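Chains U and X supply the protein sequences, listed in that same order.
Here my numbering is used: position 232 in the first sequence is 232, and no number is missing along the way.
Here my numbering is used: position 123 in the second sequence is 123, and no number is missing along the way.
Just so you know, these hints were derived from the structure itself, not from any lab.
A hint or two may mislead.
Dumping the calculated DSSO-like pairs for lysine-lysine here, alpha-carbon to alpha-carbon at most 27 Å [said to hold, decoys possible]:
{"hint": "1", "chain 1": "X", "residue 1": "K160", "chain 2": "U", "residue 2": "K93"}
{"hint": "2", "chain 1": "X", "residue 1": "K104", "chain 2": "X", "residue 2": "K204"}
{"hint": "3", "chain 1": "U", "residue 1": "K93", "chain 2": "U", "residue 2": "K178"}
{"hint": "4", "chain 1": "U", "residue 1": "K173", "chain 2": "X", "residue 2": "K160"}
{"hint": "5", "chain 1": "U", "residue 1": "K93", "chain 2": "U", "residue 2": "K104"}
{"hint": "6", "chain 1": "U", "residue 1": "K93", "chain 2": "U", "residue 2": "K173"}
{"hint": "7", "chain 1": "U", "residue 1": "K78", "chain 2": "X", "residue 2": "K104"}
{"hint": "8", "chain 1": "U", "residue 1": "K104", "chain 2": "U", "residue 2": "K173"}
{"hint": "9", "chain 1": "U", "residue 1": "K240", "chain 2": "U", "residue 2": "K202"}
Since the structure is predicted, the reported quantities are computational estimates derived from the model, not experimental observations.
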Amino acid sequence: MRSPFRPNLPPDAAVLDEHKPLIRSLERRGLIRGGLSLGALVMLTGCDVRRPEAVEAALLAISRFNDGVQALLFDPNKLAPTYPASMILRPPKFNAYYDVMDVKPVSGATWRLEVSGLVADKRAWTLSDLQALPQTSIVIEHICVEGWSYIGGWTGVPLRLFLERVGADLRAKYVAFKTADDYPSSIDMASALHPQTLLALKYGGDTLADPFGYPMRLRTAVKLGYKNPKWVTAIEVTNKYPGGYWESLGFPWFAGI
Amino acid sequence: MGRVKTEAPGVETPSLRKRRRLHPWPLRIMHWVNAVVMLIMIASGWGIYDDDVIIRGFHFGSFWRLGDWAAWSLNWHFAGMWFLVLNGLAYLAYGCASGRFREKLLPIRPSEVVQTVVDTLHLRIAHPDITVYNAVQKLLYIIVILAGISQVITGIVIWKPVQLSGLVALLGGFQTARVLHFAGMAVIVGFLIVHVALALLVPKTLSAMIAGGPRLKPSGHTKQGRAA
């Protein structure tokens with residue numbers, strides 16, 4: 001079965017990367033141009049509009065503006081609702097940019113978590129190192145950008161605790177992730193420090209199953225599903241915008257809920 | 001006012017120039033901005049909907065979707081929302097401050113609604129005075145204004161379900177809020193079909209929304225308007 005999350009027409013990411021510097025410099029002009037194009041484009045709603053460059057730039061400029069608004073709306077002390085363990089969906093819903101049959105399991109014994117960027121201690125972590133840290137359990141709703149949602153129960157190391165352990169600069173802007181399935185992702189520091197953001201090792205009390213990110217995946221209650229990378233292999237603390245897989249294809253970066 | 005002068009130079013007497021048109025220019029601007037933005041929100045919303053349908057088997061074909069896949073439908077939706085909300089707030093403020101809502105939309109009497117429906121069923125749908133809304137028109141305009149407000153609320157709720165978790169709980173959960181957002185769209189689209197069909201059947205209402213329409217009596221009311 002084909003993942004419903006996969007776009008019908010995957011745009012060429014290289015084009016976006018090429019235009020990124022231009023897009024960042026064009027915010028105001030882009031807005032004006034976009035405003036002028038709004039009227040024209042709505043007439044073409046039914047046509048096969050291949051996203052004219054100016055429209056795309058204007059929409060991305062507004063999306064980046066919205067990222068800023070979302071950061072302002074984010075309350076670091078606001079907790080997502082939690083649910084009784086009886087409501088946990090077993091197994092959880094699988095979603096990736098590829099089919100569940102294409103999942104490549106990761107060996108917990110040889111797995112290492114690299115740490116880099118603005119941190120004091122860049123020593124790599126083993127699974128047992130992470131298991132030795134204090135664990136937290138939460139039962140929270142997973143909300144996908146597509147619209148579906150389910151209740152899941154996650155156990156793991158609060159990312160805040162981990163960042164403090166490695167001596168991360170907590171005033172840095174971004175925490176970026178690399179994964180075994182080549183799904184780069186990143187979140188803002190405020191969300192990384194939220195008490196319901198975990199480096200999850202377990203689901204519903206059991207060790208994570210292969211399709212859901214064994215041995216470790218990010219699980220945060222304050223972001224949409226696509227901001228929860230599975231099979232995390234590296235964490236970087238940085239001030240340089242790291243982007244992410246879906247973000248490079250046009251999805252909003254902040255994606256806070 | 002300069003605009004009025006250029007439309008009919010030399011004809012206006014000072015007393016006539018003071019009279020408001022049926023649809024003053026701020027209202028016309030807001031109407032057409034809203035028309036464009038609503039189409040953007042509806043068509044991009046259909047693009048978002050299609051990624052995970054609420055009604056099994058019910059999809060919107062690519063002809064009806066704005067954005068060639070979900071990411072761009074989302075970007076259209078989250079760009080359009082600003083124009084919808086700012087224009088909508090301006091419209092509500094204008095409607096309240098100018099007295100237009102009170103004047104045009106109130107009061108509504110159930111007996112008049114019934115009478116209008118009966119008249120319509122008997123094909124008595126003459127609409128000689130477009131400055132006065134009949135009871136069904138008033139009801140439909142109020143419903144669509146409330147639907148618009150409801151769309152903004154349910155939209156913000158499904159955008160920020162954790163930050164607004166209290167409101168989500170009040171609405172019965174994220175999925176219920178999402179269905180309500182979809183239902184609000186259906187109400188607005190239903191209104192849109194009737195609204196456009198009637199505007200085309202009575203073309204002077206359409207030209208009034210472009211050029212402003214007839215000038216009102218000095219009081220700002222027509223005789224029937226006061227009586228209604």
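Checking against the hints above, which ones are violated? 6, 7, 8, 9
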